[in-house]
Each structure stands twice: as structure tokens, then as C-alpha cells.
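So the protein lines, in turn, are chains A and B. Its first residue numbered 0, the first sequence is counted upward by one per residue in numbering that gives the first Met the number 0. Its first residue numbered 0, the second sequence is counted upward by one per residue in numbering that gives the first Met the number 0.
Hints listed in this document are in silico derivations from the structure and should not be mistaken for laboratory results. Since this is a predicted model, take the numbers as computed values, not measurements. Honestly, I wouldn't trust all of these hints.
Distance condition first, Cα-Cα at most 25 angstroms in a straight line; then the derived SDA-like pairs of lysine to any residue [unchecked claim]:
1) Lys9(A) x Asp45(B)
2) Lys1(A) x Ala172(B)
3) Lys39(A) x Gly56(B)
4) Lys9(A) x Ala187(B)
5) Lys9(A) x Thr155(B)
6) Lys59(A) x Ala177(B)
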Amino acid sequence: MKVRVFVSLKNGVLDPQGRAIHHAIEGLGIHGVQDVRAGKLIELDVDDSVSDDQLETMCKQLLANMVIENYRIERLAA
Amino acid sequence: MSLRSAVITFPGSNCDRDMADALEKVSGTAPHRVWHGDAELPQGLDFIALPGGFSYGDYLRSGAMAARSPIMQAVIAAANRGVPVLGVCNGFQVLTESGLLPGALLRNAGMNFVCRNVALTVENSQSLFTGGYSAGQTITIPVAHHDGNYFADAATLDRLEGEGRVAFRYGEAVNGSARQIAGVLNAAGNVLGMMPHPERMIEAEQGGTDGRALFESAIEALAAA
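Working from the sequences, and respecting the hints, build out all of it.
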């Protein structure tokens, strides 16, 4: 099964990378982008034996730093 | 006393020799050198140092992989027993990632790597690591980091300040750190994480000696204990 984990910065956590991207977008001459937040997409290929609890554990203990980040797990049909 | 110390080396550490050199020069005893894949620390350690560098290439997040390496289980256990642990730069990032210190270190607010001497204010001169300084003293210590922007929620920051756990504060804008925090202590006071590199300021040839008192403070406190 393919699993996608989206890791994003929590609201209120400054994102200098997103700000720099925002600035670069304006440099392209495209206006109207209000805000940019950069995150991570982690794709996993997991056996059916991997439980939902185990996915939550790997997100909480490694893939995301819960002090500054949120995560969202998306399971893709095979 | 002869200090029984250890410097942990992760793949990608690059200040481990500087740290070992500083510990040896100040204490007179060479530290044990411990590899990240080791599961155990040498017996009877008085002091553990996590050095600067780019452990595991900063993959995922700075310090994230190192915090989950085999040796860190032993470091966490030792810290919880009260063994002093100093984490500098990447070592600070490893300490926050491992949960030994609160907060996290984000990308510098200015996006650039910052590598220069900075002024630090000693906020707490009563700790194991800072007893050789006076409160409010300004010292000069180099920084060299990309992810040194200290973040914690407001309640955590208030608690740290209220409990005297902010050891050092930047005396100038460096990286966007919350409340200019440069170094924090754990609740028990035996774990210090800081972005600036005291091990790079222990003898005149390095351009200054303001970092030396940190190591001397810890050694004296341990000898008196």
C-alpha cells in the first residue's frame, strides 16, 4: 500500500522558507499570492501488516516534530 | 579531579575534535570518543558532550536522525540520572529532537547560514555550566549554523524564563530566535543546549577565551559535588 505523509508547519511557526518562495513568486511577476507555507511530502510503500497505529507512531516519533509540525496521513488504494 | 567525559560522534559531526580538544585542554584528561552506533557509554561518566556538525546530513530535520540513534538511548538515560550533558549547535538540535530540552530549532529567520562571533549575555550564572560567569556578563562566542532559530510556544518560553532556564541570550539579532534565546537548560539543570560554540573560544590562539569558563564551571562543580 502506498502511504503519503504530509508534514506542515503549525500555524504561528514562522516559515522563512515559505516567505522566500513567496518573494520569488512575486519576482516572476505573478501577484495575488497571499501566503506561502512550505512543507514536506514523504511517500511510503508499506506492507498490509503495518497498522494505522504504527503509521501514527512513526509520524509522531520521527517524521514530524510535534513541537513545530502537523502531519496528515493519506492512504492510496493499490 | 580527573574528568571522565565522552564526546559523541555521529556521521556528519564536524566539531567533535574541537570539543574533545577543549575538554582535554581544560580538564587535563582526554575524553572518551564514542560512536553513534554504540549502544553503551563508558562506565562512570562525569560529563557528556554532543558536538556540532551536520549529523546524518541534516536529513529530515537537523538532529532528527541522531536523536534516534542507538547511543542516544544511553545518553538520555544518563541525563535522566543527572549526568551533565552539553549539546552545542547540532548537539543542541539533537537535544531538542530527543526531548531532553523543550522547543525546536528552525531555519534562521534570514534564511542564511550565519558564521561569525556574536555577543552573548549570561542570563543564569548559577547553573552547573555557567557558575564561572557573572549574571548579565557579556561574552563573545562564535556561531556557525543554518538552523538556530529557537522556537517554543509562549507558555514554554514563559516557563523557561520564570525558572531561570535561559542560560544565554544573544546580545544582537542573529537568527530570529524567540526572545533572543541562545541556550537553554533542562528543569534539573544538568542538560545545556546552546547554538554558539564555547569550545572554539578556550585559548588566545582562537581569538578569545570566553568559552573556557563554561568547561571550568562544570569541572569545578563536579569536583565539589
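Verification of the supplied hints:
no.	hint	verdict
1	Lys9(A) x Asp45(B)	38 angstroms, violated
2	Lys1(A) x Ala172(B)	44 angstroms, violated
3	Lys39(A) x Gly56(B)	17 angstroms, holds
4	Lys9(A) x Ala187(B)	29 angstroms, violated
5	Lys9(A) x Thr155(B)	16 angstroms, holds
6	Lys59(A) x Ala177(B)	24 angstroms, holds
Hint compliance for this structure: hints 1, 2, 4 are broken, all remaining hints hold.
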